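Number of protein chains: 2
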Amino acid sequence: MYLALTGGVGGAKLALGLAHVLSPDELVFMANTGDDFSHFGLHICPDLDTLMYTLCGEANPDSGWGRQSETWQFMGALRAFGGEDWFKLGDRDLATHLVRTQRLNEGATLTEVTRDLCRHLGIEHEVYPMSDDPVPTIVETADGELPFQHYFVRDRCAPSVTGFRFDGIETARPSEPIMQLVSEGRIDGVVICPSNPFVSVDPMLHLPGMRGALEASGAPVVAVSPIVGGRAIKGPTAKMMRELRLPTTAVEVARHYGGLLDGFVLDACDQHLVAEIEAMGCRAIATQSVMVTLEDRIGLARDTLKFLETFK
Amino acid sequence: MYLALTGGVGGAKLALGLAHVLSPDELVFMANTGDDFSHFGLHICPDLDTLMYTLCGEANPDSGWGRQSETWQFMGALRAFGGEDWFKLGDRDLATHLVRTQRLNEGATLTEVTRDLCRHLGIEHEVYPMSDDPVPTIVETADGELPFQHYFVRDRCAPSVTGFRFDGIETARPSEPIMQLVSEGRIDGVVICPSNPFVSVDPMLHLPGMRGALEASGAPVVAVSPIVGGRAIKGPTAKMMRELRLPTTAVEVARHYGGLLDGFVLDACDQHLVAEIEAMGCRAIATQSVMVTLEDRIGLARDTLKFLETFK
Numbered sequence: 001m002y003l004a005l006t007g008g009v010g011g012a013k014l015a016l017g018l019a020h021v022l023s024p025d026e027l028v029f030m031a032n033t034g035d036d037f038s039h040f041g042l043h044i045c046p047d048l049d050t051l052m053y054t055l056c057g058e059a060n061p062d063s064g065w066g067r068q069s070e071t072w073q074f075m076g077a078l079r080a081f082g083g084e085d086w087f088k089l090g091d092r093d094l095a096t097h098l099v100r101t102q103r104l105n106e107g108a109t110l111t112e113v114t115r116d117l118c119r120h121l122g123i124e125h126e127v128y129p130m131s132d133d134p135v136p137t138i139v140e141t142a143d144g145e146l147p148f149q150h151y152f153v154r155d156r157c158a159p160s161v162t163g164f165r166f167d168g169i170e171t172a173r174p175s176e177p178i179m180q181l182v183s184e185g186r187i188d189g190v191v192i193c194p195s196n197p198f199v200s201v202d203p204m205l206h207l208p209g210m211r212g213a214l215e216a217s218g219a220p221v222v223a224v225s226p227i228v229g230g231r232a233i234k235g236p237t238a239k240m241m242r243e244l245r246l247p248t249t250a251v252e253v254a255r256h257y258g259g260l261l262d263g264f265v266l267d268a269c270d271q272h273l274v275a276e277i278e279a280m281g282c283r284a285i286a287t288q289s290v291m292v293t294l295e296d297r298i299g300l301a302r303d304t305l306k307f308l309e310t311f312k
Numbered sequence: 001m002y003l004a005l006t007g008g009v010g011g012a013k014l015a016l017g018l019a020h021v022l023s024p025d026e027l028v029f030m031a032n033t034g035d036d037f038s039h040f041g042l043h044i045c046p047d048l049d050t051l052m053y054t055l056c057g058e059a060n061p062d063s064g065w066g067r068q069s070e071t072w073q074f075m076g077a078l079r080a081f082g083g084e085d086w087f088k089l090g091d092r093d094l095a096t097h098l099v100r101t102q103r104l105n106e107g108a109t110l111t112e113v114t115r116d117l118c119r120h121l122g123i124e125h126e127v128y129p130m131s132d133d134p135v136p137t138i139v140e141t142a143d144g145e146l147p148f149q150h151y152f153v154r155d156r157c158a159p160s161v162t163g164f165r166f167d168g169i170e171t172a173r174p175s176e177p178i179m180q181l182v183s184e185g186r187i188d189g190v191v192i193c194p195s196n197p198f199v200s201v202d203p204m205l206h207l208p209g210m211r212g213a214l215e216a217s218g219a220p221v222v223a224v225s226p227i228v229g230g231r232a233i234k235g236p237t238a239k240m241m242r243e244l245r246l247p248t249t250a251v252e253v254a255r256h257y258g259g260l261l262d263g264f265v266l267d268a269c270d271q272h273l274v275a276e277i278e279a280m281g282c283r284a285i286a287t288q289s290v291m292v293t294l295e296d297r298i299g300l301a302r303d304t305l306k307f308l309e310t311f312k
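Chains G and U, in that order, are what the protein sequence lines are. Each residue of the first sequence is one higher than the one before, counting from 1 in the working numbering. Each residue of the second sequence is one higher than the one before, counting from 1 in the working numbering.
Rather than coming from a laboratory, the hints here were simulated on the basis of the structure. Please note that the accuracy of each hint is not assured.
[As the list claims (entries may be wrong)] Covered by chain U, according to a simulated footprint, are these stretches of chain G (three or more residues, beta-carbon under 8 angstroms):
hint: 1; stretch: 78 to 85
hint: 2; stretch: 96 to 104
hint: 3; stretch: 273 to 280
Remember, it's a predicted structure, so these values are computed and weren't measured experimentally. The beta carbon of each residue, even a glycine, is placed where N, CA and C say it ideally should be.
Between the sequences and the hints, there should be enough to build the whole structure, so can you do that?
See below:
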């Protein structure tokens with residue numbers, strides 16, 4: 001069984017590819033919830049939702065987030081009230097947040113609610129939030145601290161980043177079902193999807209015991225680079241690296257994950273970086289990693305899994 | 001200045017008529033909030049919303065509740081999740097609840113939020129919730145206690161009613177702006193709109209100090225009967241009266257309000273009840289009170305106000 005760690009849009013693309021190649025018995029997902037936030041009293045999980053909508057074919061193909069065939073009557077009425085409209089909530093998307101909020105208010109865990117939402121969406125693979133405890137990502141910027149969605153959506157990643165904080169992570173418990181699979185030696189390989197290392201993957205790896213459990217399990221860990229040709233396919237990864245005065249290269253991403261990694265998947269255009277990464281003690285391959293079509297997603301999934309097989 | 005006390009659909013019809021006849025300097029509204037409830041984490045005020053939507057011409061003319069030109073994408077998605085769909089939340093209506101919930105969570109009072117919502121809806125008359133404190137109506141039935149909306153909407157008023165309770169009313173503070181107008185002698189007359197006496201009007205009158213302040217002010221109080229020809233135009237008033245073993249007549253409504261009333265407005269078809277009501281020490285008139293058109297609403301408002309004038 002394989003474990004895939006993923007954030008939002010970019011990671012979800014590979015997640016879909018993996019779900020096409022591996023059965024629900026062979027693959028489980030763990031999603032970042034550091035970007036969860038409360039808005040209008042609703043519990044919103046943007047990364048988790050993007051993963052769910054992507055896996056069930058409900059994702060909006062144009063925006064990358066939200067639901068397809070979405071309508072915006074709510075947002076129009078909200079604007080007429082002068083309501084905060086920086087976070088776009090589609091009419092159909094709202095149902096996800098309201099059902100989740102109600103279930104959480106009734107005492108269910110995010111793991112339980114997510115399982116239920118996935119079942120209704122027809123998703124057969126297990127999708128686990130990284131934790132049932134809130135671990136809100138705080139973006140430290142030159143202008144002060146910002147909750148993640150305020151930085152990411154409201155301020156369009158404009159503030160210059162100086163660091164990140166995951167509020168409450170010291171006492172947060174990592175996903176119990178995932179920790180159990182890992183500790184029982186049932187995970188044969190781990191894929192870190194091409195998500196933002198700082199705000200999508202780090203919250204998962206920094207959960208108490210998570211990184212240590214993965215390392216102790218002996219399962220090979222392979223990450224797919226979100227940086228291609230020195231740029232991020234989607235999102236602020238490259239911009240963050242510049243602001244943190246890090247080289248904006250795939251090598252730096254591999255360095256960021258450090259000793260956890262057994263292998264690293266580069267894009268074909270970064271073939272010349274293979275040697276540099278392997279010098280760090282981490283094997284690397286270069287392949288077509290820009291995912292435009294479903295075939296691209298499946299192709300990258302196959303290449304990544306084939307690479308993982310070589311570590312056995 | 002006149003004060004109109006109102007619940008939902010029936011009361012809101014007369015409220016609209018009054019708003020056509022009297023300027024914002026001459027008329028203020030106080031609405032029942034005993035039917036407020038929390039659903040999916042949202043603070044929903046059905047009576048208040050019906051009043052607001054009615055006053056700004058946004059009310060759905062067919063259902064009597066909700067917004068016109070409403071869409072139901074959210075409800076469709078909610079059903080797909082197996083979510084609770086007994087309370088219909090339109091896509092546009094949701095904006096009202098989310099803005100209200102957010103503002104309340106930020107610490108605003110319901111009075112402040114309502115003023116803001118009304119302003120954005122273009123309502124010029126002041127609309128006051130009866131209290132900023134929650135006073136949830138509990139319906140006591142043969143099958144046990146039910147929160148009001150569960151009784152009213154989910155169970156379609158099917159359970160047999162044995163009584164009512166307004167949770168927390170002992171310590172709830174009645175609307176401060178209304179109490180101030182009343183105590184300063186600025187209210188020249190009070191209209192109790194044709195709303196359900198038990199679950200729409202009683203919560204307002206039972207607020208600590210409210211009834212006493214109205215009586216002490218000396219302003220004449222006139223109620224319009226929600227019972228016409230022994231039946232309720234809309235809603236469960238007559239059914240409740242039967243279950244409470246009360247005669248289902250307009251006379252009984254007048255008796256219910258008791259000494260508070262100076263006058264009572266009957267429908268023309270109940271002309272024969274005038275003498276019986278006047279024998280109770282309360283003057284009565286009979287007029288066309290069934291409101292189908294806007295002209296009906298304005299006509300009843302004029303008749304009611306003319307009647308109120310006779311008490312000066």
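inquiry  = If you count the residues of the stretch 78 to 85 of chain G with a beta-carbon closer than 8 angstroms to a beta-carbon of chain U, do you get 3 or more?
reply    = holds (count 6)
Whether chain U covers the stretch 273 to 280 of chain G (at least 3 residues having a Cβ closer than 8 angstroms to its Cβ atoms) = violated (count 0)
inquiry  = So is the stretch 96 to 104 of chain G in contact with chain U by the C-beta rule, three or more residues under 8 angstroms, or is the coverage claim wrong?
reply    = holds (count 5)
Hint compliance for this structure: hint 3 is the single one not met.
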